[in-house]
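Just need the whole structure built from these sequences, with the hints factored in.
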Amino acid sequence: MLNRRFLALLAALALVLVACGDGGGSDTTTGGADTTTGGADTTTGGADTTTGGADTTTGGDDELIVGVSWNNYNEERWARWDEPAIQAALDAAGATYINSDAGSSAEQQLADVENLISQGADALIILAQDGTAILPAVQSALEQGIPVVAYDRLIEDPGALYVTFDNVRVGAMQAEVIFDLVPTGNYVIIKGNQADANADFLREGYEQVIGEAVAAGDITIVGETYTDNWDPALAQTHMEQFLTQASNDVQAVLSENDGMASGVVAALDAQGLAGEVPVSGQDADLAALNRVALGTQAVSVWKDARELGTAAGEAAVALAQGTALADVEGTIQFDSPGGNSMTSILLDPVPITQENLNLVVEAEWISPDELCQGVEAGSVEACG
Amino acid sequence: MSVTELPPSETDEADGVAPSRRSLQSAVRSSEIDTRTLGMVALLIVIWIGFHFLSGGTFLSARNLWFLSVQFAPVAIMATGMVLVIVSRNIDLSVGSMLGFVGMAMAILQAEILPDFLGFGHPALWLIVLGAGLILGALVGLLQGAIVAYVGVPSFIVTLGGLLVWRGVAWSLASGRTVAPMDSTFQLLGGGSRGSLGEVASWVVGGLACLGILALLSYDRRQRKRYGFRLRPRWAVVTIAVVGSAAVLAAVWVMNSYYLPENLARQFAEEQGIPWPEGGLLIPVGISYPVLIAIGVMLVMTFIANQRRFGRYVYSIGGNPEAANLSGINTRWTIVKTFMVMGILVGVAGAVTIARLNAATSGLGTLAELYVIAAAVIGGTSLAGGLGTVAGAVLGALVMQSLQSGMVLMGVDAPLQDIVVGLVLVIAVAVDVYYRRRAER
Amino acid sequence: MTDRTPLVEMRNISVSFGGVHAVDDVTIDLFPGEVMALVGGNGAGKSTLVKTLSGAQRADAGEIWIDGAHVMIENPRDAKRHGIETIYQTLALAENIDTPGNMFLGRELTTRLGNLDDSAMEDAARKVMQRLNPKFQNFKTPAAHLSGGQRQGIAIARAVHFNARILIMDEPTAALGPAETEQVAHLVRQLKQEGIGIILISHDIHDVFDLADRISVMLQGELVGTVNKDDVTMDEVLAMIIIGKLPEEVTQAELSDLHG
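Note that the protein sequences, when read in sequence, are chains A, B and C.
All residue numbers for the first sequence refer to my numbering, where the first residue is 4 and numbers rise by one.
All residue numbers for the second sequence refer to my numbering, where the first residue is 955 and numbers rise by one.
All residue numbers for the third sequence refer to my numbering, where the first residue is 2 and numbers rise by one.
Derived by calculation from the structure, the hints in this document are not laboratory data.
Take these hints with a grain of salt, some might be off.
Stated by the list, open to error - Covered stretches of chain B (chain C as the covering partner; in silico rule of three or more C-beta atoms under 8 Å from a C-beta of chain C):
| id | stretch |
| --- | --- |
| 1 | 1094-1107 |
| 2 | 1278-1286 |
Unchecked claim - Pairwise CB distance ranges, derived in the manner of DEER restraints:
| id | chain 1 | residue 1 | chain 2 | residue 2 | range |
| --- | --- | --- | --- | --- | --- |
| 3 | C | W66 | B | N1284 | 24 to 30 Å |
| 4 | B | L1081 | A | Q122 | 46 to 52 Å |
| 5 | A | Q122 | B | S1126 | 32 to 38 Å |
| 6 | B | L1370 | A | D252 | 44 to 50 Å |
Values in this document were obtained by computation on a predicted structure and should not be read as measured data.
The C-beta atom is built at its ideal place from N, Cα and C for all residues, glycine as well.
Laid out in structure tokens, this is it:
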């Protein structure tokens, strides 16, 4: 609380300084300040002024700045794929990229967003650690006329643009592959972090596919759990306990991501079941694709993060330039679990199985060497 | 302090046969068995039996106990080192992050660097990687310990910094990638399907352990005779020998009652050219390597704590740092060494963890510091320093892991698990403090 | 006495803490089999002075000679090597460690393989205690649970066992009752007969007159003077402590004022 008040004070001070320096200053600055005072209704008009300024002056002030708030770099994909894609999209539009990392702390992320704003961000892309805790910062940004893109994870504010892969779809794709292989039998479901809405979206996708079979008694769920922090080692322990409980009578495992799938496969391997019990995952982690090639994991749903990054980058630039939410290309309305109608860009993921491994190789997502390490020659098409 | 009450009787009542509580107390005292340890064991038995019924009879199955033993190994290994760190009035909050860092370094070394020179599957690969991990752990400990002891920054701060630094380094090493798979020999360190001793070797280890117990007891008795000290009553010695050996053999029996899963047994039969018998093939798995490593670490650390100068100095620093210094002990170097030992043990635990997961992720070991510290504290280590045993910490780790795995078996949700573990930690320490205070009166 | 070589000579020792002269150019000596009492009010610098001898404090200036040879004492280990043992006012013991452990702290007996030989240490501790305090039996009890006298006993036993030639006792009886004080006094006489030189720091002027052969008096970091016990009265020593005047300088009026 105190912190926020202090920042507000600082912001007010900055405004006063800007106003004082206005005498000989550039017009664009005033334009920007107008936008702020104009409020959300006039965002478009105000932002037009900014664009106009950009057209007429060549100073550094008017350059678009897009701030990205990462929740945590400690996951394989963000820095490797998403960040370069966002950067490329911004570079193409002539916008500047600034960023911050909250290190998995929801509190830290609140401060991060405020920092990005005070660094002059014209639009924000937020990968939320916690979609609810981030709300005050998002609201404050929107009130200041700074558009917000909710990146990959839902933020329950209809003012934000939600750019993501269709996570329910991801779950459904995982379940479709597994359900095709195992139409009847005992299933284990390893879900991700409880506080992450995606864990429930994915579960919803599972339900769409196997719900009927469960109700009909063809499929029995013999173990289902959330996993703190999506921690692979914890997923391994959970899987071991489920196998013990079910005396190995498990025919399929729905694991919500690849990291946890690695723990699940290790647990299955200890029972000699790796390769026999199909396991799902998502993210197309390199190690997971290798497992798909080896046959110990049935599917990894590939959300080409580069597509996501590009879409988010382009949308952020468009919003900063004053495009209205609903006018951003490719948007649809999406009813969130929190009852909001979110303007969203929902990208389609691709399920990667042994049959279409060549897709990830062709996209240079993974090198053939990495993909085929330890794979018997001739057993998988993509490995020759 | 004026003594108005009579202190607890110090007279030897071992010969008295009155069936009172008093005589039981003095009997236990004359046998020199630590009542704290007995209490811990009792707590563990209560937890186990409770879960056994609540889980519908799965908890005390050989299979669950086998997995429990593997799951508890990394925390137990680190807890033995944490005892020394805490006894010397310090703390190491960085062990979880260090595990991530050292584990990631070992993973990259074996999956990406060494194969270029040695080729995949080189027989010495695992040893080089493990050695490198231990050295790296020792160096990290040296660095942190030196800052604590020679620069004088409180260990809480140094290792809090380490918690952030090493996690960041772990991430930077692989830019957040998951590194997999591990070398096939290295994987044995994590247990898994082949990382166990098998039936015969397990019984041999058990037998050796029993002989070890007898040897220690007889050495103790000989020393006492030699110097003319009071001997433990014969019944006590015999009881310790019988109970100790029985516990060892029972543990081996449980480990040997977990049989190789059918699929692996079939594979084994194929490899050996044995026809698949009608009723299936029961191949005992035996003691897994991680458990063997944990037991080995526990014995070595107990020995260091009780029988080496270094251990004595650590306890003296915890008891009274000034007295230790005035006695001519190099207290600073001793502190540095405790952090180095901690680092080496993190290396061992890291190797076991990545071998078991067959992968290293940059989030490896997150929150492990809390479990390790909790294990040491539940095991009777006082955060004020000076008090704590290695064996207690291992028991503490076993209590923690039993709670966790038991609750998963029961299908308890993750948040409730955290609540229970947290409550047990506080209650266990509260009970301990209460009894210690009573004992001092 | 002057024809013999002193056991210890501390020459022109100075110690200052941030500009304050805790010990200012003090010279004292000690002969074998002698008890030299070091007295003075609070903050006179007695403890600081002897700490330079026991290695717990570095002197800023001055020299220490032992058996007529110049030595450097930079830490407690150096002091112990020269046969100097110290019994501290704070009874510096590791509270969680038993009697033999404390007696041998820093100088443990080990087996050939370098392992602690607890039995040998306990045996040695029992033997020394047999001489000093035969009633003591709590060899396995941590120091925290021992009485003040018993704790003092451990410190003295340590000095005896390691054949100390020079024993520094900093307020050895401050924490003790009358019976235990008498016990310590008895020990001091015993050690003295064995030829050990003892530096005794004490507040208790009666103790000092009871035990000491010579008395050195300090005031505000400086040495007032050193006198033979037999040549002075208690009042004269008190005058040295309080007003810093030697017996030959002090007037009758000043002496009677002391009791006023």
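Hints, verified against the model:
no.	hint	in the structure
1	1094-1107	violated (count 0)
2	1278-1286	holds (count 6)
3	C:W66 to B:N1284: 24 to 30 Å	holds (27 Å)
4	B:L1081 to A:Q122: 46 to 52 Å	holds (50 Å)
5	A:Q122 to B:S1126: 32 to 38 Å	violated (24 Å)
6	B:L1370 to A:D252: 44 to 50 Å	violated (26 Å)
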